[in-house]
Amino acid sequence: MKSYKESNKEIKVDDLLKQQTIQKMISSVPSRSIVWKKMWMYAGMAAVLLLLLTGGTHWMQELDRKEEKGTLQSVGADQLSLDAYIVPLDDQNAKTSGAMDYDGLWKTMTAKEQRYYEQRFPALKKLSIPEGYRISASEFQMFYDNNESGYPDIHMGMTTENGDDGMVDLWIQDDRIPQCIVLNDKGKNYLDYQLLIYADAANQSYTAVAYKDGYRYEISSWKISQDAFYQLVKSILI
Amino acid sequence: MKHLCTSEEASEIVEQYADLVYKFALSLSKQKDIADDVFQEVFLRYAKRKPSFENEEHARAWFFTVTRNCCRTHFTSAFMRHTAPLEEDIPILQKEDHALYFYVMKLPVTYRTVIHLFYYEGLSTLQIADILHKKDATIRTQLKRARERLKVILEGCDIDEIL
Chain A
792 MKSYKESNKE IKVDDLLKQQ TIQKMISSVP SRSIVWKKMW MYAGMAAVLL LLLTGGTHWM
852 QELDRKEEKG TLQSVGADQL SLDAYIVPLD DQNAKTSGAM DYDGLWKTMT AKEQRYYEQR
912 FPALKKLSIP EGYRISASEF QMFYDNNESG YPDIHMGMTT ENGDDGMVDL WIQDDRIPQC
972 IVLNDKGKNY LDYQLLIYAD AANQSYTAVA YKDGYRYEIS SWKISQDAFY QLVKSILI
Chain B
35 MKHLCTSEEA SEIVEQYADL VYKFALSLSK QKDIADDVFQ EVFLRYAKRK PSFENEEHAR
95 AWFFTVTRNC CRTHFTSAFM RHTAPLEEDI PILQKEDHAL YFYVMKLPVT YRTVIHLFYY
155 EGLSTLQIAD ILHKKDATIR TQLKRARERL KVILEGCDID EIL
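Same order as they appear, the protein sequences are chains A and B.
867 is the number that the working numbering gives to position 76 of the first sequence; each next residue is one higher, with no gaps.
116 is the number that the working numbering gives to position 82 of the second sequence; each next residue is one higher, with no gaps.
Chain B is nowhere near these chain A residues, computed Cβ spacing over 10 Å in every case: (1) Met830; (2) Trp831; (3) Tyr833; (4) Gly835; (5) Val839; (6) Leu844; (7) Thr845; (8) Gly846; (9) Gly847; (10) Asp1018; (11) Tyr1021.
BS3-like, lysine-lysine: derived pairs with alpha carbons at most 30 Å apart: (12) A:Lys803 to B:Lys185; (13) B:Lys66 to A:Lys800; (14) B:Lys84 to A:Lys803; (15) B:Lys84 to A:Lys809; (16) B:Lys129 to A:Lys793; (17) B:Lys129 to A:Lys800; (18) B:Lys82 to A:Lys815; (19) A:Lys803 to B:Lys129; (20) B:Lys66 to A:Lys796; (21) B:Lys185 to A:Lys800; (22) A:Lys793 to B:Lys178; (23) B:Lys66 to A:Lys809; (24) A:Lys793 to B:Lys140; (25) B:Lys129 to A:Lys796; (26) B:Lys66 to A:Lys793; (27) A:Lys800 to B:Lys84; (28) A:Lys796 to B:Lys178; (29) A:Lys803 to B:Lys82; (30) B:Lys185 to A:Lys793; (31) B:Lys82 to A:Lys829; (32) A:Lys800 to B:Lys178; (33) B:Lys140 to A:Lys800; (34) B:Lys66 to A:Lys803; (35) A:Lys796 to B:Lys185.
These are calculated hints, taken from the structure and not from any lab test.
Idealized CB from N, CA, C, for every residue including glycine.
Could you build the full structure based on these sequences and the hints that come with them?
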């Protein structure tokens, strides 16, 4: 029986595929739509700036009031059905692509970088998971098995409205969960209070992206049941 | 009209990273057709973005990450969500000669990913953790579990030796 390495060595990339790819790379030109998109973006930004200047504080107050009417704040934890926040499939795909666009992945937070961010953001936002969050004994065991540190594999990222990095310090009772990550994909396409839940059934991994109070939250966890994940999201967002 | 890439640039980059991208895409997708699509998509992304790499390791990490993202995007597309998952389709290899490869393909994608990066690409668990956005300990645990699963399938063989 051949080893995995030997088998892989026998896999050859088809020359035709290579040639087609090279042709596509050569024949591609910068998309006009991108240029137009940029122009519209600048025009839009200029218009918004003008509105802000002319509208003054009255407009800002209106905006603030509008934000305060967010759906997540207006329902209690017990009444919140997360199914209502799963965006329609078409939109979900569009937004999933955005969420999966890891161009900024190089900002991946390793333990070393975590210290850097801790220094950069001395005032960390502390979030405690309320008592409503419970995981079963077997799930907790899975968390332990997956992480030698004994902490659940939960990631929290936070981005401000301006696209600045933020950081969340996540706690379950007295245990701090240290592996919070900073994401900065500046996904401006999400609407306020919109929640996207992305599930990978094969991995039992889930990601929820939500806006609340001007912050973009990204919560992801691995090896967890759907119910437990929903409960976790509820606990954090309410 | 200015093109994204010259012929020389495109050939050079495709030749250099073709194996890395294609084999990783095949390992993640288990489907030749999907691996073909992902292969093209990865290099088109390169042509459009022209990332500047600090060194070879950085370049390899970029190609691994983009390949993985393209696969994930593919599997989360509307079409795939409404399509039943297919059995692996790798006509390049004969099942009889490459049994172990096909056993690895039976593992969940998480385990296939770490097995491929560790045993074929020879990356350290720390490097894999950086690429996959996970902790080193998590990667080591996933490797251990992948080996355990294979051990069960192969009835007690020394996995490290045959991998």
